[in-house]
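A.B. asks: Sequence:
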Amino acid sequence: MAARIRGSITRGQVGAWAVSSYRHFSTTLRCNSAYTVPEGVEQWIKNPPEAKHRDPLSVERFTDLFISLPTRDGTRKPFEAPTAGSPVPYGHHLAFFHARRPESLLRADGTDEDISPPSPFTKRMWAGGKIMWNVNNPLLMGKTGLATSTIVSTTKKGFDQGKPMLFITQRLDFKQEGNGFPSIIEERAHVYFDADVFAKREKVLNREVKDIPASSDFSFSYTPTPVTLFRYSALMFNAHHIHLDKEYCQKVEGYPERVVHGPMTAQMLLEGLLFNEPEVQLKQFEYRATNPLFVNRELTVHGKWLDKSNVKLWCTDKESGVVGMTGSASVAS
1 MAARIRGSIT
11 RGQVGAWAVS
21 SYRHFSTTLR
31 CNSAYTVPEG
41 VEQWIKNPPE
51 AKHRDPLSVE
61 RFTDLFISLP
71 TRDGTRKPFE
81 APTAGSPVPY
91 GHHLAFFHAR
101 RPESLLRADG
111 TDEDISPPSP
121 FTKRMWAGGK
131 IMWNVNNPLL
141 MGKTGLATST
151 IVSTTKKGFD
161 QGKPMLFITQ
171 RLDFKQEGNG
181 FPSIIEERAH
191 VYFDADVFAK
201 REKVLNREVK
211 DIPASSDFSF
221 SYTPTPVTLF
231 RYSALMFNAH
241 HIHLDKEYCQ
251 KVEGYPERVV
261 HGPMTAQMLL
271 EGLLFNEPEV
281 QLKQFEYRAT
291 NPLFVNRELT
301 VHGKWLDKSN
311 VKLWCTDKES
321 GVVGMTGSAS
331 VAS
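With this note's numbering, letter number 328 in the sequence shown gets 328, and the count goes up by one each step, no holes.
There could be a bad hint or two in this list.
To be verified - Restricting the straight-line Cα-Cα distance to at most 25 Å, the calculated cross-link-like pairs of lysine to aspartate or glutamate (DMTMM-like) are:
(1) K175 x D64
(2) K143 x D55
(3) K304 x E319
(4) K304 x E208
(5) K203 x D245
(6) K52 x D109
(7) K52 x E319
Unchecked claim - DEER-style ranges, computed between Cβ atoms:
(8) D211 x E279: 21 to 31 Å
(9) K46 x K157: 15 to 25 Å
(10) D196 x V280: 27 to 37 Å
No lab work stands behind these hints: they were computed from the structure. Heads up, the beta-carbon is just placed ideally off N, CA and C, and yes, glycines get one too.
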């Protein structure tokens, strides 16, 4: 059973925007009976919320992010400090525009509800996304930005098999304050699970990923440590326990170690590209999570040019070869 509830994004102010189908490959659910959707969830699907955020794009926050990324921290090449009035680097808007809720309102796993579906769909996985940049109207560091987040599609899957999942896509428009046109349009695809059903799942940590090139044109290797994950969580104001608490990961979630953030890996795909090709001007980036990646493991971002305007990106665990994320980027010719 797969029911599309709301329509996708159509042609907008910065061009056509097509919603892709995202799949998350790290979990298999086991359950036999059909599932009845709680009334509160049905009401949420029919009338999803909207969120608005206003955030100063402070140079200090960008400095904290730069020093937390192995591509920019000064160890591989000279440190270049962010400067007010310069465009926000590709993907770095992720450190801004987050929900700010007191700890008492967070869910049991440390996540915030923000515009997430209500209980019992409280277990969340970041499945993939897409980012499009308006090359003529960038966000600028040192200015104030505005973000609007709306739910553009909700798809039910597995309800008739007792394996309920909600595949939810958000659209986020990012603007400079005082500017009527988006500088960035982003889509984030999340999968939400019923918490009780999620607890019975069978873990798949090494799903085969097809269509990976046999060789790469460039690469960048790094090892995310507990400090890396802590700093990224702090910058994202993200208290999700799977990134911070080893005991929780092992005893509650069934992971062998703390999990690297999906958006961090997506950002590192971009960073690996820009570290090796610093002059490229990006138009669009799309990515999909394929397997979880873990702390203290050496990871390698690979890139393969398909033609002069399109590059295939993927991130692997260097020792095991597991592919944690794939992506593609389009650049201005």
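A.B. asks: Run every hint past the structure and note whether it holds.
C.D. replies: Going through the hints against the structure:
no. : hint                    : result
1   : K175 x D64              : 22 Å, holds
2   : K143 x D55              : 9 Å, holds
3   : K304 x E319             : 20 Å, holds
4   : K304 x E208             : 19 Å, holds
5   : K203 x D245             : 19 Å, holds
6   : K52 x D109              : 24 Å, holds
7   : K52 x E319              : 42 Å, violated
8   : D211 x E279: 21 to 31 Å : 28 Å, holds
9   : K46 x K157: 15 to 25 Å  : 18 Å, holds
10  : D196 x V280: 27 to 37 Å : 46 Å, violated
The structure fails hints 7 and 10 (numbered hints given earlier, in ascending order).
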